[in-house]
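> Read off the chains here:
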Amino acid sequence: MSSTEPIFRLPADLNVKLIHARDINLPTAALALDTHSGGKRLYAGCMDRCVYEVDLATGAKTLIGKHESYVSGVRYLPALRQVVTAGYDGTIKWFDAANHKEILKVDAHKFWSWKMRVSPDQKYVGTVTGQYMAGGIKYEPAAEREPSVKVYEAESGKLKWSFPHIPPTQSVAFSPDSKHIAAGNLMGEVRIWNLETGRQVATFTTPDFTCWGIIKSHLYIGGIFDMTFSPDGKDLLVCGMGPMVDPMAGNGKQTWQRFAWTENPLKMVSQIRVGDAGAGLMETINFHPDSNAFIMAGKLAQGKWNTALFDAANGQMVHSVDAKMRVTDSVWLGGGAQLALSGATGQGKKSDGKYPEFGHIKLYDVKPQA
Amino acid sequence: MSEYSELNQKGCKPDEHKIHRRLFLQGMMGAGASSMFSWNGLFSLPEIAAQAKKEQKHCILLWLCGAPSQFETWDPKPDSIYSGPFRSIPTKIPGVHFSELMPNCASIADKLAVVRSMKTKPSEHFQAIDMLQRGAEPRVPFVRPTIGAVLGQQLGQLDSKIPNFVLLDPCPEGNEYKSFKAGNWAGWLGAQYGPVRAGGEYKLADVNRVADMSTQDFEQREGLRKFLTKKYQNDRNSAAAASENAIFSRVKGLMSCADLFDIDKVAPKDKEKYGPGTFGMHTLIARNLVENGAPFVMVSNGMPWDCHVFQHEIYQMLVPEVDRIIFHLINDLEERGLLDKTLVVMMGEFGRTPWLNPSRGRDHYPDAWSLSMAGCGIKRGVVVGATDADGVDVVEKPFNEKNLFATIYTALGLDPYAEYEDPELAIFHRVEENAEPIREILK
Chain A
250 MSSTEPIFRL PADLNVKLIH ARDINLPTAA LALDTHSGGK RLYAGCMDRC
300 VYEVDLATGA KTLIGKHESY VSGVRYLPAL RQVVTAGYDG TIKWFDAANH
350 KEILKVDAHK FWSWKMRVSP DQKYVGTVTG QYMAGGIKYE PAAEREPSVK
400 VYEAESGKLK WSFPHIPPTQ SVAFSPDSKH IAAGNLMGEV RIWNLETGRQ
450 VATFTTPDFT CWGIIKSHLY IGGIFDMTFS PDGKDLLVCG MGPMVDPMAG
500 NGKQTWQRFA WTENPLKMVS QIRVGDAGAG LMETINFHPD SNAFIMAGKL
550 AQGKWNTALF DAANGQMVHS VDAKMRVTDS VWLGGGAQLA LSGATGQGKK
600 SDGKYPEFGH IKLYDVKPQA
Chain B
2 MSEYSELNQK GCKPDEHKIH RRLFLQGMMG AGASSMFSWN GLFSLPEIAA
52 QAKKEQKHCI LLWLCGAPSQ FETWDPKPDS IYSGPFRSIP TKIPGVHFSE
102 LMPNCASIAD KLAVVRSMKT KPSEHFQAID MLQRGAEPRV PFVRPTIGAV
152 LGQQLGQLDS KIPNFVLLDP CPEGNEYKSF KAGNWAGWLG AQYGPVRAGG
202 EYKLADVNRV ADMSTQDFEQ REGLRKFLTK KYQNDRNSAA AASENAIFSR
252 VKGLMSCADL FDIDKVAPKD KEKYGPGTFG MHTLIARNLV ENGAPFVMVS
302 NGMPWDCHVF QHEIYQMLVP EVDRIIFHLI NDLEERGLLD KTLVVMMGEF
352 GRTPWLNPSR GRDHYPDAWS LSMAGCGIKR GVVVGATDAD GVDVVEKPFN
402 EKNLFATIYT ALGLDPYAEY EDPELAIFHR VEENAEPIRE ILK
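Chains A and B are the protein sequences, given in the same order.
Count along the first sequence starting at 1, add 249, and that's the number in the working numbering.
Count along the second sequence starting at 1, add 1, and that's the number in the working numbering.
Honestly, the hints are just simulated from the structure, not real lab data.
Bear in mind the structure is a predicted one, so any value in this text is a computation, not a measurement.
Wrong hints could be hidden among the right ones.
[To be verified] With a straight-line Cα cutoff of 20 Å, these simulated PhoX-like cross-link-like pairs (lysine-lysine) come out:
| # | chain 1 | residue 1 | chain 2 | residue 2 |
| --- | --- | --- | --- | --- |
| 1 | A | K598 | B | K120 |
| 2 | A | K598 | A | K266 |
| 3 | B | K398 | B | K380 |
| 4 | A | K354 | A | K409 |
| 5 | A | K387 | A | K407 |
| 6 | A | K266 | A | K616 |
| 7 | B | K274 | A | K387 |
| 8 | B | K272 | A | K387 |
| 9 | A | K372 | A | K354 |
[Unchecked claim] Have a look at the derived ranges for each label pair, beta carbon to beta carbon:
| # | chain 1 | residue 1 | chain 2 | residue 2 | range |
| --- | --- | --- | --- | --- | --- |
| 10 | A | P456 | B | E441 | 47 to 53 Å |
| 11 | B | R140 | A | G385 | 43 to 49 Å |
| 12 | A | E445 | B | D260 | 54 to 60 Å |
| 13 | B | R140 | A | A309 | 56 to 62 Å |
| 14 | A | A309 | B | R88 | 27 to 33 Å |
[Unchecked claim] Residues from chain B shown here face chain A by an in silico Cβ test under 7 Å; the list is partial:
| # | residue |
| --- | --- |
| 15 | I82 |
| 16 | G278 |
| 17 | Q317 |
| 18 | S360 |
Glycine is no exception: its CB is placed at the ideal position from the N, C-alpha and C atoms.
Please put together the full structure from these sequences, using the hints given.
As structure tokens, then:
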């Protein structure tokens, strides 16, 4: 979230509900979402290669730019009044938020940008890439063929750092003080670098997000799909899906884990409770602006929810909903009074000469429970 | 023109086969020789079968089980809303594009034949695997032999030391494919035409002679076993005993060719080309087996192509792997002078839906899908058939499983319409309904 709005304070007991407010449809799946400062406009990166500006009041959509493949990342830069986007075409683009002109394009990767994030101080754009190629007899991922993590200066587009990782590197996050960047991959390995020195300062691997298929196919699937630092920067939360016997089933456990990455030895401090988790890939994890709760959302394969609010102190799930779509990204609006989710339902067949819209932004109000 | 086509043009009609076969059967049965008959009594043109064996033709089937997406392989639709994230790239055939995940195949497109207009009926794996392995829908209680069993029988010799039908499959699981694998591959041809299965550990298990047994001792025991089983077979008129004998003969042959299944015996540079994944390693073994005379080798790896979820995340790895494997296999066969004698078929049991499901996967789609072939009897650099702009339906030259099987048999110089006949019941043909081969891709 890029906002200077007053924070919407959650009650101390976190006794709140997510109340479905409204939907805004998009032509194709929305893979990335952010908000303009003030929260009157949203920006969505979509499968139709387009970046849309969405007026929250009217739902009107304006095309502001295009990539040559899926748009996987979008962030608004308030200080520059620009929108920065990343895509499966491996490029990062900067657009003027007012006139929608493309200002800058950087060829960041030879493969997809899986995820792109902007540092809280708006100085850096971080993007991660990597193609999963067979590197061993059991289809272990091969070594990278290009740097998996790249950090660009947000204002100039100049490359600041290139960091190595094992591809595919699917998630990235900046620390709240903008001094560190973390990246997670298919095999559940997380690496963290200091952005001032370029040194790798921590690494750990969690085996709980990756599976090697036994049924149907012998290959690896899963990994860490999103991550966020805790508001104090001491912990790193990662999300995805637990291992599956059949990698094609998509029914691994909805999972987050929290790691105290600055401690020595580094340790996992909490994770989703067994009774809370259903099944499905979780693709977004995001702290509420008041820091006392976070949401995790994604796909519902089995269970009752695909979007849930968790108590940041003890990890307990406090409320959950089924958004009736695959959730890909999330952003808090109004200082945390409202949650916007991007995502998709099934694409559907052409009907009456029209392609059905299958991209969605769903808005949820955060309301105290009665 | 294939040898069969030439013979067919001389006036040999399917109906004539039928009459001749019935007369032949009646005569033999009258002579009290009914015990000789079984489903393996294929009535074919002997001159064709003999010629095929003489030339020792081969077939390698890269069985992409689970059903690969046509969009991310042979029939990309870059301008469609259904295209997915991968772009298309030009190939060696002017105007023809493949998925960007297949740069190696694009570079040898002038050696391939691609069919973009397969249109079949079953949309569930088991039924589709069954149909695309046997070439026709089931007709209970009869069990039609699979393509491997037929080609093993037609192109191979029962006394060959190299198995006539080898199934290399490192992933023993596979849901519906696992169920199919547990079934009857040889059908009415008889168990002796079933596959020798290997995979996983790459070495054939239990084919090594017991360490303390001398060659003389082993041969004496084998001779005794053979004599007693043959006597039992003759005395009891037992087809099962006959199959048993055939299997023992094959095991004895396997002892002498076990090294061909051993990936440790393969040159490191070959392993580097095809590997490191198991599918590539097994394709390399297939190449070596064919080079050493195997008539039919099928390579599969579970059913990894069935991506109802993570379509693009898995295809980013699977397609480049198969792209590289096909490239090396075709080039290696050509360099060894084997490509013109070896038919290579690359296919699954159907295609994938144009539209993505909510889990960003593509579901089963038999309405419009693609496959490719190369080598023996196949034209080079040909693309036949077409789908519409979104890949939803075939708009040019639809072909089904019968057309495909007629093509395979014709390409290998076999009569696609030869009859099988049950002396008591039905008449079956290698390809039913006189389905036409895909002539556009046949030499």
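> Taking the hints in turn, state whether each one holds.
Outcome of the hint check:
| no. | hint | result |
| --- | --- | --- |
| 1 | A:K598 / B:K120 | holds, 18 Å |
| 2 | A:K598 / A:K266 | violated, 35 Å |
| 3 | B:K398 / B:K380 | holds, 17 Å |
| 4 | A:K354 / A:K409 | holds, 16 Å |
| 5 | A:K387 / A:K407 | violated, 39 Å |
| 6 | A:K266 / A:K616 | holds, 5 Å |
| 7 | B:K274 / A:K387 | holds, 16 Å |
| 8 | B:K272 / A:K387 | holds, 14 Å |
| 9 | A:K372 / A:K354 | holds, 17 Å |
| 10 | A:P456 / B:E441: 47 to 53 Å | holds, 51 Å |
| 11 | B:R140 / A:G385: 43 to 49 Å | holds, 45 Å |
| 12 | A:E445 / B:D260: 54 to 60 Å | holds, 59 Å |
| 13 | B:R140 / A:A309: 56 to 62 Å | holds, 60 Å |
| 14 | A:A309 / B:R88: 27 to 33 Å | holds, 31 Å |
| 15 | I82 | holds, 5 Å |
| 16 | G278 | holds, 4 Å |
| 17 | Q317 | holds, 5 Å |
| 18 | S360 | holds, 5 Å |
Comparing the model with each numbered hint stated earlier shows that hints 2, 5 do not hold.
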